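*Asks:* Start from the sequences and build out the full structure, keeping to the hints where you can.
For the record, the sequence lines run as chains X and L. Heads up: the first sequence begins at 3 in the numbering used here, then just goes up one per residue. Heads up: the second sequence begins at 17 in the numbering used here, then just goes up one per residue.
Treat each hint with caution, since some may be false.
Said to hold, decoys possible - Selected chain L positions facing chain X (Cβ under 10 Å, derived; list incomplete): (1) Val68; (2) Glu69; (3) Glu78; (4) Ile85; (5) Phe86; (6) Asp127; (7) Val168; (8) Met170; (9) Ile174; (10) Val177; (11) Ala179; (12) Ile180.
Unchecked claim - Below, a list of computed lysine-lysine pairs in the DSSO-like style, where the Cα atoms sit at most 27 Å apart: (13) L:Lys124 <-> X:Lys154; (14) X:Lys56 <-> L:Lys217; (15) X:Lys161 <-> L:Lys124; (16) X:Lys80 <-> X:Lys18; (17) X:Lys154 <-> L:Lys137; (18) L:Lys137 <-> X:Lys158; (19) L:Lys217 <-> L:Lys34; (20) X:Lys158 <-> L:Lys124; (21) L:Lys90 <-> X:Lys56.
Unchecked claim - Coverage of chain X stretches by chain L, computed from C-beta distances (three or more under 8 Å per stretch; other residues unrestricted): (22) 27-35; (23) 45-57; (24) 78-91; (25) 94-101; (26) 136-143.
These aren't lab readings, by the way, just hints derived from the structure by calculation. On a predicted model such as this, the values are computed, not experimentally measured, just so you know. Positions of the beta carbon are idealized from the N, C-alpha and C atoms, including for glycine.
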Amino acid sequence: MGAVIKVGMADLKTGKAPDILTTLGLGSCIGIALWDSQTKIGGLVHIMLPDSSKIRNNSNIAKFADTGIAELVHQMEKLGVPRRRMVAKIAGGARMFEVSGKTSVGNIGQNNAIASKAKLKELGIRLAAEDTGLNYGRTVELDCNNGDYIIKAVGKPIKKI
Amino acid sequence: MGKFSFDNINGMYFDILKEIGNIGAGNATTAVATMLNLTLEMKVPKVELIAVEDLGSAIGPEEQTIVGIFLEVKQDISGSIMFLMELEPAHYLVDRLMGVMGGVGGSKGADFSDMELSALKEIGNIIAGAYLSALSSMTNLVILPSIPYISVDMAAAILSVPAIQFGQYGDNALMIQTKFGADRMIDGYFILLPDEDSYDKILGSLGITL
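*Replies:* Printed below as a string of structure tokens:
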């Protein structure tokens, strides 16, 4: 049995099979999972905001899509995973309240998803699957054994991407 | 950009915010008591600064299903307010309200009928509205709430909304916990989320300069 490694809000962790990396109750935040099928090393970052350069207080790099993804990639590289082998899956970015998409609360989830995908593209990492948007919270688990990204939501069947 | 940040908050500002919380929660309790035709007491609310990263588990476990009611506010200040409670008190309040209105409640767990959801929205609306009107009369600021929005979902997912809003300005969030009740006590949580400049306005209108 591997460890179940919990990733908090604005936090990132790496693990290796048979570990499972999990983050609980993603709302408008995004959980970006990276995985390498050869070493079975995985990483998970739980970002809250799209862009660190737009925020005055940006010391926690795991809080932002741009710096959080860059740091996770860096940590995986240090563990010996070349960037070209990393595959990404993302989930979250919900609009928890049906407020207008023009307000900051209304579109933050969508902006987080857009920024996460843009950063992955910039770094040349393939996005294999995503489960983003809509209006509900998600708990995610990255299974380092096989790269499955398991998504649980209240009152919905468990999903695997 | 506003000067206010919860990261450099001092005792006096904290006391003022706590007092706003106190009066607001008192008003909200009275409003609920009137609506439900109950005699309610309120305990002095607890005001806490919580690290943004810990907000998701501040009420209970991250995956516990809770009820969140969210209103945007605008006019002299802009931002939003959230009222949160656990499922069980939410059902209690809805059943009371449906009873008063001659309807039928009785759902359990995370299930609420459309009618119950709309009753719950209305309860949240009245509670948050009473809170805002206290804030408004203390500060002489005009504060207009939007219609209420509701979410019944995992605590961390609902709380990601205020965490993200607070997270734009600093590392801490302000949460006001209130207890009210008669035969039974109900725990509710307010999170006031003024946009950054609005905190300066609130404190400024109370004669506090930062």
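*Asks:* Indicate, hint by hint, whether the structure satisfies it.
*Replies:* The hints, checked one at a time:
A least Cβ separation of about 7 Å between Val68 of chain L and chain X falls short of the 10 Å threshold, and the interface hint therefore holds. Hint on Glu69 of chain L holds. Least Cβ distance to chain X is approximately 5 Å, under the 10 Å limit. Because the smallest distance between the Cβ of Glu78 of chain L and any Cβ of chain X comes to about 4 Å, under 10 Å, the interface hint for this residue holds. Given the 10 Å rule on beta carbons, the hint for Ile85 of chain L holds: about 9 Å separates it from the nearest Cβ of chain X.
The beta carbon of Phe86 of chain L is positioned within 10 Å of a beta carbon in chain X (closest approach about 4 Å), and the interface hint is therefore held. Interface restraint check for Asp127 of chain L: the shortest CB-CB distance to chain X comes to about 8 Å, inside 10 Å, so the restraint holds. Hint on Val168 of chain L holds. Least Cβ distance to chain X is approximately 8 Å, under the 10 Å limit. Hint status for Met170 of chain L: holds, given a least beta-carbon distance of 4 Å to chain X, under 10 Å.
The interface hint given for Ile174 of chain L holds, since its Cβ lies 6 Å from the closest Cβ of chain X, which is under the 10 Å cut-off. Interface hint at Val177 of chain L: satisfied, since its Cβ lies 5 Å from the closest Cβ of chain X, which is below the 10 Å cut-off. Look at Ala179 of chain L: its Cβ gets to within about 6 Å of chain X, closer than 10 Å, so that hint holds up. With its C-beta approaching chain X no nearer than about 5 Å, Ile180 of chain L sits inside the 10 Å limit, and its interface hint holds.
Simply put, Lys124 of chain L and Lys154 of chain X have alpha-carbon atoms about 21 Å apart, close enough for the 27 Å limit, and the pair holds. Taking the CA atoms of Lys56 of chain X and Lys217 of chain L, the gap is about 23 Å. The hint holds against a cut of 27 Å. Restraint check for Lys161 of chain X and Lys124 of chain L: the C-alpha separation of about 25 Å stays at or below 27 Å, so the hint holds. Restraint check for Lys80 of chain X and Lys18 of chain X: satisfied, since their Cα atoms lie roughly 13 Å apart, inside the 27 Å limit.
For the given pair, Lys154 of chain X sits about 26 Å from Lys137 of chain L by alpha-carbon distance, which is consistent with the 27 Å threshold. With a C-alpha separation of about 23 Å, the suggested pairing of Lys137 of chain L with Lys158 of chain X holds against the 27 Å cut-off. Taken as a hint, the Lys217 of chain L and Lys34 of chain L pair is honoured in the structure, with Cα atoms around 16 Å apart against an allowance of 27 Å. Distance check on the hinted pair: Lys158 of chain X and Lys124 of chain L sit about 17 Å apart at the alpha-carbon level, within 27 Å; holds.
Using a Cα cut-off of 27 Å, the hinted pair Lys90 of chain L and Lys56 of chain X holds, with the two alpha carbons roughly 23 Å apart. Coverage of the region 27-35 of chain X by chain L holds [criterion: at least 3 residues with CB-CB distance below 8 Å; count 5]. Remark: the region 45-57 of chain X is confirmed as covered by chain L, as 3 of its residues place a Cβ nearer than 8 Å to a Cβ of that chain, reaching the required three. Closer than 8 Å: that is the beta-carbon criterion, and the region 78-91 of chain X has 0 residues meeting it against chain L, so the requirement of 3 is violated.
Evaluation of the coverage hint for the region 94-101 of chain X: fulfilled, as 5 residues show C-beta separations to chain L shorter than 8 Å, against a requirement of three. Three residues within the 8 Å Cβ limit are the bar, and the region 136-143 of chain X against chain L gives 5, so the coverage statement holds.
Checked against the numbered hints given earlier, this structure breaks only hint 24.
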